[in-house]
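Given chain A, put chain B in place with the hints provided.
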Amino acid sequence: MNEETKRLGIVTSGSLTKGVEVRLDSSASVEDMAVGRYVTIEGEKQRFFGMITDVSLGVIDQKLTLTPPDVSDPFMAEVLAGTSTYGTIHVSPYLTIGGNVASLLEGAQPVKTVPSHFSTVNLASQRDVELVFGGEDEKRFYIGTPLDMETKVCLDLDELVKRSNGIFGKSGTGKTFLTRLLLIGMLQKGTAANLVFDMHSEYGWEGRSEERRKVKALKQLFPSRVAVFTLDEESSRRRRVSTDFVVRIGYDEIEPEDIGLLRQTLNLTEASVQAVYQLYREFGNKRWIEATLELEDGDETKQLLTRLNIHDSTYRNLRRGLETIRRLPFLLPHAPDNPVKHILEYLDQGINVVLEFGRYTDITAYILVANLLTRRIHAQYRERMEKALGEDMAPPHPLVITIEEAHKFLNSEVSSQTIFGTIAREMRKYNVTLLVIDQRPSGIDDEVMSQMGTKITCLLDNERDIDSVLAGVSRKSELKSVLSRLESRQQALIFGHAVPMPVVIRTREYGSAQSYKEFIPSRETESRRQAEKDIEELWE
Amino acid sequence: MSEVQRVGEVIEASTTDFVAQCYELYQSPPLGSLVKTRDLGVELYGIVYNATTTSFEPGRRPIARGKDETTEEAVYQASPQLLKLLKSEFSALVVGHRQGDKLYHYLPPKPARIHGFVYLCSPEEVKEFSQSFDFLNILINTRLPVAMDELVAACLRQMSQVYEDRRIFLVAAGKELAILLSGNFNQLKAILERIKT
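Same order as they appear, the protein sequences are chains A and B.
Heads up, the first sequence is in the working numbering, so the first residue is 1 and it goes up one at a time.
Heads up, the second sequence is in the working numbering, so the first residue is 541 and it goes up one at a time.
If we strip away everything but chain A, and leave its shape as in the complex, we get (with noise of 0.2 Å):
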């Protein structure tokens, strides 16, 4: 029997809710099954298309466990598999494919039903796989393998920006791998200008490998289309990176709901909070921080206090707090120029602006910053947006802004607060959304989780992290095992919105000179001659 049509056994039970079980037959080997592996289900008036996502083992008689025969004896064994001892797989059906009209016209079609009794249960051909997860074209990005196949899994990237997405995985799994072919993704067929907060400074040049070895990044595959910024100019040219503009933050431009946001990582009482919002009336939104830390001990000072209400430990707090963040070498009193405008400027010609932190890899910096940059970008979107809507104009080009470390942002206290969980809960209205990076799921507020449309997740062990990935997720227990069961490096699970059915991948090879190569359109004829150089230096 040749590879395209193994037949693995019958089904014998099961439910649209649980998934079917099917009996192997004695041909097949449990020990060849795995789960995550893909399956099509001959029924009498449907093709299903499922996903292997349990194996055990059955006996028909329950003496035999007991008395166990003695399977040394090869025809003993043999007579016995597949007959009074078998296996069985859990197999969840995802799809309907071919044999009725709606899925020949329209393609794959969710299960509203099961499989008949005893229908045929073969391995999935590469056709099947590529019939549901598509070919390689101008919306679908490429970005791995199914486990023991060869077919691309493509991502539909059109609907991966519609709205918000999230990447997990332990640390160590390569997130960042991921991230950065996403990010590739999205610039290779154009569908959203990218925002990269880069905390470690790996999207934007180089970075490395596990193996240590250098790999790539954006802006060295794309160079006309990517832009780096820095906070950290020192940092940057000491790894000989290029970049297009140096980010300095004017005091001013700093407002309250930021220093709300950093409650935690400055240690800042809730009471610190409500005083910054009480100065920042006092001394009007372009001063007050400025004239807060200027504030001498003496009775004027106490005089203000009180009559602010402003308990004295309190305003120790706060300044210790706004001490801390006046440290920040890339903070100025007055910045020479608005980084916001330069950013949007970039994002307007479909350029991606990737933010390096350089050294300022400190929580209290990468909250700050990103959060109020996003906050006045957002507004400018918005403000596009409506203005689209009313003059019936194109509205502005899809943004996908990449955070990591998100459940700093998005942990159930702050989420409410932040710019990022209005993104995540609503954004998709005006053309934004978040690519958020993590690596403990179970840290971000449910709400923002429930509303992410595609989640990739690398391996994760820590049961409320699987817990809260797969949250809402249906047939949420057969996901965990195979999510608790990929290796833990170039595997990843997909699930949500951009693919038809949950997907477990490895992921596209990125760091050869070859995969450069296959990255960049043929139109970028500079940068394409320079990855067959360094495929020639290979060879020398």
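Be aware that one or more of the hints could be misleading.
[What the hints assert, rightly or not] Okay, derived cross-link-like pairs now, EDC-like style, lysine to aspartate or glutamate, Cα gap no bigger than 16 Å in a straight line:
1) B:Lys-729 x A:Asp-70
2) B:Lys-650 x B:Glu-583
3) B:Lys-715 x A:Asp-25
4) B:Lys-729 x A:Asp-61
5) B:Lys-736 x A:Glu-78
6) B:Lys-729 x A:Glu-78
7) A:Lys-152 x A:Glu-509
8) B:Lys-736 x A:Asp-73
9) B:Lys-627 x B:Glu-564
10) B:Lys-736 x A:Asp-70
11) B:Lys-715 x A:Glu-78
12) B:Lys-667 x B:Asp-705
13) B:Lys-729 x A:Asp-73
[Claimed, not checked] Going by beta-carbon spacing under 8 Å, a handful of chain A positions derived as facing chain B:
14) Met-76
15) Val-79
16) Ser-84
Everything labelled a hint here was simulated from the structure, so no lab data went into it.
On a predicted model such as this, the values are computed, not experimentally measured, just so you know.
Quick reminder that beta carbons are idealized off the backbone N, C-alpha and C, glycines included.
Below, chain B without anything else, positioned relative to chain A:
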């Protein structure tokens, strides 16, 4: 086709089995072998499940005669009438029939005829008959004086001899038995122990 061997004549028949007497003393076919007899257009297949050698007269038991003889052969030589006073018989369980060209693995409409000749099936016929294991069901479900597991094992051993690769045949038969005896693993084990190569 190899020559068909005649082994006896039907002397008692019922729907489920028939008893045949051998023409020669002690010449009954081996336990579990496939035999056939004919009734008009129908050929009946049976599996030998029992064989006996007794005196012709029910009330007259043989007596020990070898006290002064040196060999067993000498006993028969000294009393040549013995061969005429004893008879060998065998019983066969009907497991299928052939009508026209078609082979059926279930009971024929009518029992065998008395005085019908009984033949040992040729290897070709055994092969043809054992293409289906449906007959095992009859063997397992009929109450016989001989233990079922012994009979099934003997039958399969006999049949397997006509195959070049005995093992493939026995494994396939074993799998069929595993399904039929799904509720009785000990019996299955007993049979498998007796047929393993």
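Hint check results:
1. B:Lys-729 x A:Asp-70: At roughly 10 Å apart (the allowed maximum being 16 Å), Asp-70 of chain A and Lys-729 of chain B satisfy the hint.
2. B:Lys-650 x B:Glu-583: holds, 11 Å
3. B:Lys-715 x A:Asp-25: Between Lys-715 of chain B and Asp-25 of chain A the Cα gap is close to 12 Å, so the pair holds against 16 Å.
4. B:Lys-729 x A:Asp-61: Judged against 16 Å, a Cα distance of about 12 Å means the pair holds.
5. B:Lys-736 x A:Glu-78: holds, 11 Å
6. B:Lys-729 x A:Glu-78: Roughly 13 Å separates the two Cα atoms, so the pair holds.
7. A:Lys-152 x A:Glu-509: OK: Lys-152 of chain A and Glu-509 of chain A at ~12 Å, within 16 Å.
8. B:Lys-736 x A:Asp-73: holds, 9 Å
9. B:Lys-627 x B:Glu-564: holds, 8 Å
10. B:Lys-736 x A:Asp-70: holds, 12 Å
11. B:Lys-715 x A:Glu-78: holds, 8 Å
12. B:Lys-667 x B:Asp-705: holds, 12 Å
13. B:Lys-729 x A:Asp-73: Given that 16 Å is the threshold and the Cα spacing comes to 12 Å, the pair holds.
14. Met-76: With Cβ-Cβ at 6 Å, under 8 Å, it holds.
15. Val-79: holds, 3 Å
16. Ser-84: holds, 5 Å
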